[in-house]
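A.B. asks: Each chain, written out:
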Amino acid sequence: MKDYSKELKITEVYKTYITAHPAIKEAMVLKAEFPAYFTPLQDGDLFAGRLQQGKVGFTIDEWGPTAFAYYCQFEDIQNDLETYNYPTDEKTKIEEMLKFWESEDTSNKIRKEYPPLMAQYLFSDDWMNTSGIAFPLYRLTGSTPNFKKLLDLGIPGIYKEIEELKATAQDDGRDVQFYEGMKIAIDVLVDTCLYYEKEIRFLSEISTIEEKKEELDKIADTLHIITISKPCTLREAIQLFWIYTYVADVRNYGRMDIYMGDFLVNDINAGIIDEDEALKYLQSLWQLMADRNTVVHNRVIIGGKSRPNEENADRFALLAMEATRTVKEIEPQLSLRIYEGMNPALYEKALDVIGGGATYPILYNDDININSINNAFGFSIKETERYFTPYGCGEYILEGRSFGTPSGVINLLKALEVTLRNGVDPVTGNIIGLQLGNLEDFHSFDDLMNAYKKQVEFFVSILAEQEVLEYKVCGREAPFLYNSLLYDDCMVKGKGMFDGGIKYLGGTLETYGNTNTADSLTAIKELVYEKNLISKKELLDALDNNFSGYENIQHILLNAPKYGNDNDVADSMLEKVHNHVCNFVRNQAERVGLHSYLVVIINNSANTLMGKSTSASPDGRNAFEHMNNGNAPSGGNDKEGITAMLNSLVKPSSAIHAGSVQNMKFSPELFFERRDIIKSLLKTYFDKGGAQAMITVLNRGDLEKALVEPEKYRNLFVRVGGFSARFIELSTEVQKDILKRTLY
Amino acid sequence: MSETGIIVDIQRFSIHDGPGIRTTVFLKGCPLNCKWCHNPEAINYNIQLSFNREKCLDCFKCISVCPSSVHFERAGKHEVNFSECNLSGRCLTVCPNKALTLTGKVRTVDKIIELILRDKDYYNNSGGGVTISGGEPMTQFQFTKQILKACKENEIHTTLDTCGHAPSDRYLDIMPYVDLFLYDFKESDFQKHKEYTGVYNDLIQKNFNLLYDNGAKIILRCPIVPGFNDTEKHFHAISDIYRKFTKLHGIEIMPYHNIGLDKARKIGAEQNFISVDTTDKVKSREWISALTKYGIKNIKLG
Numbered sequence: 194m195k196d197y198s199k200e201l202k203i204t205e206v207y208k209t210y211i212t213a214h215p216a217i218k219e220a221m222v223l224k225a226e227f228p229a230y231f232t233p234l235q236d237g238d239l240f241a242g243r244l245q246q247g248k249v250g251f252t253i254d255e256w257g258p259t260a261f262a263y264y265c266q267f268e269d270i271q272n273d274l275e276t277y278n279y280p281t282d283e284k285t286k287i288e289e290m291l292k293f294w295e296s297e298d299t300s301n302k303i304r305k306e307y308p309p310l311m312a313q314y315l316f317s318d319d320w321m322n323t324s325g326i327a328f329p330l331y332r333l334t335g336s337t338p339n340f341k342k343l344l345d346l347g348i349p350g351i352y353k354e355i356e357e358l359k360a361t362a363q364d365d366g367r368d369v370q371f372y373e374g375m376k377i378a379i380d381v382l383v384d385t386c387l388y389y390e391k392e393i394r395f396l397s398e399i400s401t402i403e404e405k406k407e408e409l410d411k412i413a414d415t416l417h418i419i420t421i422s423k424p425c426t427l428r429e430a431i432q433l434f435w436i437y438t439y440v441a442d443v444r445n446y447g448r449m450d451i452y453m454g455d456f457l458v459n460d461i462n463a464g465i466i467d468e469d470e471a472l473k474y475l476q477s478l479w480q481l482m483a484d485r486n487t488v489v490h491n492r493v494i495i496g497g498k499s500r501p502n503e504e505n506a507d508r509f510a511l512l513a514m515e516a517t518r519t520v521k522e523i524e525p526q527l528s529l530r531i532y533e534g535m536n537p538a539l540y541e542k543a544l545d546v547i548g549g550g551a552t553y554p555i556l557y558n559d560d561i562n563i564n565s566i567n568n569a570f571g572f573s574i575k576e577t578e579r580y581f582t583p584y585g586c587g588e589y590i591l592e593g594r595s596f597g598t599p600s601g602v603i604n605l606l607k608a609l610e611v612t613l614r615n616g617v618d619p620v621t622g623n624i625i626g627l628q629l630g631n632l633e634d635f636h637s638f639d640d641l642m643n644a645y646k647k648q649v650e651f652f653v654s655i656l657a658e659q660e661v662l663e664y665k666v667c668g669r670e671a672p673f674l675y676n677s678l679l680y681d682d683c684m685v686k687g688k689g690m691f692d693g694g695i696k697y698l699g700g701t702l703e704t705y706g707n708t709n710t711a712d713s714l715t716a717i718k719e720l721v722y723e724k725n726l727i728s729k730k731e732l733l734d735a736l737d738n739n740f741s742g743y744e745n746i747q748h749i750l751l752n753a754p755k756y757g758n759d760n761d762v763a764d765s766m767l768e769k770v771h772n773h774v775c776n777f778v779r780n781q782a783e784r785v786g787l788h789s790y791l792v793v794i795i796n797n798s799a800n801t802l803m804g805k806s807t808s809a810s811p812d813g814r815n816a817f818e819h820m821n822n823g824n825a826p827s828g829g830n831d832k833e834g835i836t837a838m839l840n841s842l843v844k845p846s847s848a849i850h851a852g853s854v855q856n857m858k859f860s861p862e863l864f865f866e867r868r869d870i871i872k873s874l875l876k877t878y879f880d881k882g883g884a885q886a887m888i889t890v891l892n893r894g895d896l897e898k899a900l901v902e903p904e905k906y907r908n909l910f911v912r913v914g915g916f917s918a919r920f921i922e923l924s925t926e927v928q929k930d931i932l933k934r935t936l937y
Numbered sequence: 022m023s024e025t026g027i028i029v030d031i032q033r034f035s036i037h038d039g040p041g042i043r044t045t046v047f048l049k050g051c052p053l054n055c056k057w058c059h060n061p062e063a064i065n066y067n068i069q070l071s072f073n074r075e076k077c078l079d080c081f082k083c084i085s086v087c088p089s090s091v092h093f094e095r096a097g098k099h100e101v102n103f104s105e106c107n108l109s110g111r112c113l114t115v116c117p118n119k120a121l122t123l124t125g126k127v128r129t130v131d132k133i134i135e136l137i138l139r140d141k142d143y144y145n146n147s148g149g150g151v152t153i154s155g156g157e158p159m160t161q162f163q164f165t166k167q168i169l170k171a172c173k174e175n176e177i178h179t180t181l182d183t184c185g186h187a188p189s190d191r192y193l194d195i196m197p198y199v200d201l202f203l204y205d206f207k208e209s210d211f212q213k214h215k216e217y218t219g220v221y222n223d224l225i226q227k228n229f230n231l232l233y234d235n236g237a238k239i240i241l242r243c244p245i246v247p248g249f250n251d252t253e254k255h256f257h258a259i260s261d262i263y264r265k266f267t268k269l270h271g272i273e274i275m276p277y278h279n280i281g282l283d284k285a286r287k288i289g290a291e292q293n294f295i296s297v298d299t300t301d302k303v304k305s306r307e308w309i310s311a312l313t314k315y316g317i318k319n320i321k322l323g
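Sequences listed follow chains A and P, in order. Count the first sequence with the working numbering and you get residues 194 to 937, in order. Count the second sequence with the working numbering and you get residues 22 to 323, in order.
Read the hints as simulated data drawn from the structure, not as lab findings. Incorrect hints may appear among the rest.
[Unchecked claim] Just some of the chain A residues that point at chain P, by a computed CB distance under 10 angstroms:
hint : residue
1    : D759
2    : F777
3    : E833
4    : G834
5    : T877
6    : D880
7    : I921
What you are looking at is a predicted structure, and each value in this text was computed from that prediction instead of being measured. Where a beta carbon is used, it is the ideal one built from N, C-alpha and C, also for glycine.
All chains, please: the whole structure from these sequences, using the hints.
C.D. replies: What follows is the structure, given as structure tokens:
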């Protein structure tokens with residue numbers, strides 16, 4: 194039976210400060226949360242910082258589909274109340290708490306402010322289980338603050354900065370209370386360190402093993418030191434960093450080799466630690482990240498252009514890869530920025546680690562991405578080179594400078610499906626889209642294409658407005674103190690990041706089913722409009738019957754050109770679909786008042802989940818099957834070999850969106866016995882415009898065996914799309930999707 | 022209109038037929054009939070009907086549309102009388118599961134070159150290029166030569182995979198357009214060669230000498246088939262070649278794989294081929310050490 198005393202306490206504090214200045218309210222809620230939600234050190238931890246987040250609280254990220262900012266996990270709590278026999282008075286208190294949060298939960302506040310059209314067309318928040326074209330996401334995810342500032346200044350330096358800015362605030366017309374809230378937040382951080390110190394000193398006292406005692410004392414000493422001094426050693430730097438990521442709920446860590454590299458090398462040069470010891474630190478940190486279990490975050494970025502301390506950073510990067518190789522966990526998502534002229538040792542090490550079955554590091558090609566990001570977002574080259582970092586499933590952001598949470602999803606294939614049927618969703622029978630006629634009304638392929646575009650544009654416009662609304666409500670609700678502290682230009686402006694403080698406030702939109710949509714349009718164009726092999730009615734009947742009794746038609750549809758084979762007909766259709774949605778989304782930014790608004794073609798298991806509510810499609814895909822993953826050809830449709838597949842992959846422009854992911858699977862034989870081939874293959878792909886590569890090295894046979902004897906394949910990792918997972922923990926549908934993807 | 026030929030397939034990202042990343046064009050037609058052929062669908066010079074038993078749904082739609090009674094039913098199962106087929110192609114259009122297909126397609130040199138050029142960057146970065154294989158590419162001589170010539174005009178490395186059984190003047194003619202020959206050495210014994218491959222090896226040896234003497238770059242490829250040519254005598258002969266032809270670019274052994282049998286079944290020709298187990302890695306290593314004992318250095322597995 195879950196104890197709700199902490200949640201009740203937080204609720205009380207929130208009530209007390211409900212009319213207070215947002216900075217004070219947030220600070221007091223943080224104070225109620227931390228260190229209360231932290232959990233004890235576990236055996237083997239070299240750093241303090243584990244957390245059991247409660248059912249009520251505050252976060253910049255999300256603790257469930259709609260649980261963000263000030264959140265309450267209504268369903269979970271309701272379930273607990275129904276499952277367990279709480280004493281009457283406690284039950285009453287919990288019920289009152291639920292009732293209170295009904296109107297205070299940030300997601301609910303946002304939903305309440307939807308204008309009628311938005312409410313009508315974004316009719317559900319449950320994108321995983323509902324059939325629909327577009328859905329909102331409630332979260333402010335992907336924060337990657339300036340950790341270098343945190344470690345350069347340390348707690349005393351930050352405190353000083355706050356004090357100084359506060360002292361002049363009134364005269365400069367800045368918000369004094371903002372800084373007051375910051376001060377309280379830093380106190381909470383200090384309290385948390387001291388809380389852990391006390392706990393660990395106690396553990397040390399009762400420990401009878403000398404070696405363990407010594408280790409615990411070191412952890413406790415470190416926790417103490419960082420509250421009174423800026424970090425001077427790698428150990429202190431990691432400790433401060435790690436606690437901060439929890440109080441701030443930051444799950445992406447940016448260019449760690451820049452901000453940790455100097456600590457590492459200074460320690461080694463000063464004889465404080467050797468590389469073996471440093472590796473132990475990283476292994477412990479990696480394990481803490483793995484146990485944090487964010488599923489799609491925990492990004493650590495290494496390598497890349499514009500690192501001020503390149504040699505030190507390289508040394509850290511090599512150690513980071515070794516930690517990934519040895520810890521063998523699905524997180525952190527170690528990502529390596531590569532470029533022509535980089536230290537070749539890093540690249541070799543990366544291939545070794547990938548080949549060992551790690552799925553990491555994920556490779557990002559600076560030589561393409563810098564220009565692409567620059568074009569898509571409108572930053573400067575210098576700024577992009579220095580601060581660009583991928584987060585989460587693969588969205589791009591500038592650390593400490595820009596924000597772009599994906600706050601919406603659109604299923605392009607569903608948009609097409611509905612456009613073929615005059616706005617009706619064939620899965621539910623409801624009218625969910627614009628009524629523009631049905632396939633039989635479209636006299637030319639262009640008519641159909643225009644209707645599809647209009648449908649997509651209508652939903653994108655709403656989603657863009659929803660993103661802005663989400664920011665607006667969040668900006669009003671809270672300054673997000675810990676994040677604003679490390680995000681330009683919040684401190685100097687005295688404003689929260691979503692209240693006008695941040696330098697670049699952008700947004701992103703996740704698109705799904707891109708390839709299936711393009712392949713469907715190719716099939717319709719060629720078979721229905723050009724060759725007249727299938728009539729419009731036949732096609733709709735076949736789709737409505739999921740091809741049952743229409744196997745011939747499915748066969749013809751499957752044989753139409755498909756993206757991923759270096760086929761110009763299919764690939765140019767994908768480019769059309771890609772350019773349309775990317776450019777239309779991008780053009781929304783100015784209208785809705787964001788610095789940027791961009792598509793992300795990242796992936797998680799949404800291609801599978803959304804596929805489950807999408808009927809049979811004209812590319813020959815059966816109803817409710819998964820859709821394509823990320824930017825990839827739809828499962829098993831790339832039949833001309835990997836060079837053809839890669840040639841297709843580099844065709845859609847990477848300069849008009851905020852990130853896309855490319856999964857590739859290789860057999861161990863090819864990867865190890867023909868390393869020269871793999872290297873020249875990847876080099877060519879990157880030369881030709883490849884932006885990113887996520888490589889899994891495994892046997893198809895292993896996957897099949899893992900289905901039969903899961904216990905023997907605990908360490909079999911695969912890339913699902915935007916994240917890695919243990920193969921055996923995936924649903925059967927996702928497993929099938931992976932088995933279907935081509936192995937080279 | 023450029024030269025046309027009949028090909029089986031074009032394989033991109035081919036990494037086993039010559040150096041680097043290559044595109045391999047498999048041509049149809051071969052003058053030999055090796056019992057262990059791993060591309061049996063490339064022996065016949067013409068397009069052929071192919072039937073994949075595993076994909077067949079036994080729907081018998083093909084029976085009604087075939088003008089030549091190729092398809093028939095026996096005990097509820099669809100069977101095929103391949104010899105009756107005159108390639109009307111009608112059965113293909115009604116087969117719901119693509120169990121019926123054609124092996125072989127007509128292509129122009131231009132079309133093939135267009136495809137080849139798409140991967141040029143991969144060839145350049147990997148030291149790869151284009152391989153013409155088959156079948157025996159020398160049987161479609163003008164077609165092969167035109168492809169090779171066009172490759173050279175585009176500065177692409179070329180490899181010709183040949184059994185050596187073709188008129189000698191053709192080898193001299195094609196030599197300027199070939200950077201590397203993959204030259205088969207199947208069996209050293211004169212009689213056995215005839216028995217296993219259908220032809221004697223005198224012409225093959227003559228052409229080998231001719232190419233070698235004219236300075237061609239050659240890798241000798243030796244298919245080793247358990248129970249046929251995995252003999253002391255044959256290994257000895259390979260080592261003789263190694264010693265005598267010091268400028269050979271390399272010797273590769275190609276352990277037998279029974280993949281060909283399944284392909285033979287699809288064209289109704291399985292009775293023409295042997296059926297032995299695929300060579301395992303242990304066996305391959307034994308062969309390599311045997312050959313090493315004869316003094317051959319740097320032998321490679323092809």
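A.B. asks: Decide, hint by hint, whether the structure agrees.
C.D. replies: For each hint, the structure was consulted:
1. D759: holds (6 angstroms)
2. F777: Since the shortest Cβ distance to chain P is 31 angstroms, the answer is violated.
3. E833: holds (6 angstroms)
4. G834: Holds, because the Cβ-Cβ distance from A:G834 to chain P comes to roughly 4 angstroms (cut-off 10 angstroms).
5. T877: holds (5 angstroms)
6. D880: The hint holds - A:D880 has a Cβ within 10 angstroms of chain P, the shortest such distance being about 6 angstroms.
7. I921: violated (28 angstroms)
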